[in-house]
Amino acid sequence: MKHFCKHLLTTSAICGLAAMAHADGHEALPLVELPGIEDREYWVPGEVNVEGKLEAMQAVVGAEAVPYAGTLDDPIQIAMVYPSADTSDFWARNYLAMTKRLDQLGIKYETTEFASRQVEHSLQSTYANQVVQDADLYDYVIFGPSELQIQADNIDKMAATDGFSTYVWAFHTPLKDLDSQPAAWFDFSSAAGALTMCDYMLDRLGNDVTMAMNRGIPGITDDQRSGDFKACVEEKGNWNTVYEHYGEYQREGGFEGTSLILQAYSEATVIHNANTAMAMGSVEAQVSVDKAQEVFSTGWGGTGLELDAIRRGELDATPMRMGDDVGAATAEAIKADLEGRSDEVPFVFLGRITVAHDQMSADELNALETEAFRFSGVGALER
Numbered sequence: 001m002k003h004f005c006k007h008l009l010t011t012s013a014i015c016g017l018a019a020m021a022h023a024d025g026h027e028a029l030p031l032v033e034l035p036g037i038e039d040r041e042y043w044v045p046g047e048v049n050v051e052g053k054l055e056a057m058q059a060v061v062g063a064e065a066v067p068y069a070g071t072l073d074d075p076i077q078i079a080m081v082y083p084s085a086d087t088s089d090f091w092a093r094n095y096l097a098m099t100k101r102l103d104q105l106g107i108k109y110e111t112t113e114f115a116s117r118q119v120e121h122s123l124q125s126t127y128a129n130q131v132v133q134d135a136d137l138y139d140y141v142i143f144g145p146s147e148l149q150i151q152a153d154n155i156d157k158m159a160a161t162d163g164f165s166t167y168v169w170a171f172h173t174p175l176k177d178l179d180s181q182p183a184a185w186f187d188f189s190s191a192a193g194a195l196t197m198c199d200y201m202l203d204r205l206g207n208d209v210t211m212a213m214n215r216g217i218p219g220i221t222d223d224q225r226s227g228d229f230k231a232c233v234e235e236k237g238n239w240n241t242v243y244e245h246y247g248e249y250q251r252e253g254g255f256e257g258t259s260l261i262l263q264a265y266s267e268a269t270v271i272h273n274a275n276t277a278m279a280m281g282s283v284e285a286q287v288s289v290d291k292a293q294e295v296f297s298t299g300w301g302g303t304g305l306e307l308d309a310i311r312r313g314e315l316d317a318t319p320m321r322m323g324d325d326v327g328a329a330t331a332e333a334i335k336a337d338l339e340g341r342s343d344e345v346p347f348v349f350l351g352r353i354t355v356a357h358d359q360m361s362a363d364e365l366n367a368l369e370t371e372a373f374r375f376s377g378v379g380a381l382e383r
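Start counting the sequence shown at 1; every next residue gets the next number (the working numbering).
Since the hints were made in silico from the structure, they are not lab data.
All clues stand as given, with none of them false.
Each computed PhoX-like pair below joins lysine-lysine, with the alpha-carbon atoms no more than 25 Å apart:
#1 K230 <-> K291
#2 K176 <-> K157
#3 K176 <-> K53
#4 K100 <-> K53
These numbers were taken from a predicted model, which means no experiment stands behind them.
With these hints in hand, go ahead and build the complete structure from the sequences.
Laid out in structure tokens, this is it:
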């Protein structure tokens with residue numbers, strides 16, 4: 001049951017009308033059709049967001065918190081089902097950002113964590129089933145899929161469950177064939193980040209570069225982070241990709257892929273890594289054979305671990321998310337839901353992305369990090 005129906009002076013009839021309007025909104029998707037829509041199994045944000053809602057939410061997230069207008073008899077209950085046991089601190093940081101923003105908003109909460117690694121698809125499915133079975137215990141479920149297509153049935157199942165609202169983290173591509181869509185998606189655009197990184201790399205390294213890649217798990221995220229980046233540099237800069245290793249977003253995969261690249265594809269002067277974990281494994285492999293200065297290495301996300309690697313001279317550049325935006329936006333979405341304003345939340349929320357690199361001054365890197373991690377704190381998190 002929605003808390004705004006329980007705690008605000010709202011009639012059950014109004015709650016019912018709001019739910020119908022929300023459902024009708026999903027049935028009407030897409031709102032517009034963009035090029036390539038017929039070739040995709042998913043919608044992109046521009047096809048499903050009402051004009052102006054994303055920008056309005058980004059402004060709210062970047063501003064000082066305005067306290068929750070209602071009262072709660074009990075703390076809201078939030079289930080966190082996500083691959084937070086992995087190297088990337090994306091999950092931990094956005095958990096901190098969400099909870100600290102909730103504190104600022106004056107919303108009491110309790111969280112229950114269901115942690116896994118990104119390759120543990122079956123375990124995450126077990127957790128999803130457990131949350132649905134115990135639906136009466138939760139008001140909100142935040143789901144970070146191990147991979148979108150693999151977890152599609154679980155998203156559908158949770159979104160269809162009465163009693164809680166489902167928010168999806170780390171994906172911004174709503175699948176077309178879901179029978180029930182979640183309340184909202186929160187992410188950074190991997191496609192936009194890939195093109196931002198492409199422009200930066202072409203400007204810095206020029207044309208006719210030989211590259212190798214540590215890709216993640218086949219699916220939407222890697223198609224955008226790796227596939228869109230590869231297509232862009234090959235088309236615009238005549239780059240040549242000599243090898244692609246699927247490291248499954250794991251540190252070990254980045255280490256193994258880079259070790260093979262250094263041995264068998266020494267002509268590759270750039271190694272692209274599709275997430276933090278593989279980037280850390282990649283630079284570890286380079287340092288172990290004293291080749292960190294011979295290869296231009298990229299990461300993904302601009303996490304604390306990546307920024308520390310840039311400062312050490314081991315990592316050269318990364319598309320940097322203003323990392324705490326996702327968690328803070330989720331807190332604001334919960335507040336809007338509690339206040340009966342869920343229609344103001346964009347269906348897909350996107351945070352900002354820029355490029356952090358080794359040519360930035362210490363002050364520039366520090367300022368970027370302070371803004372990105374304004375809730376979760378500067379510096380690598382303790383694991």
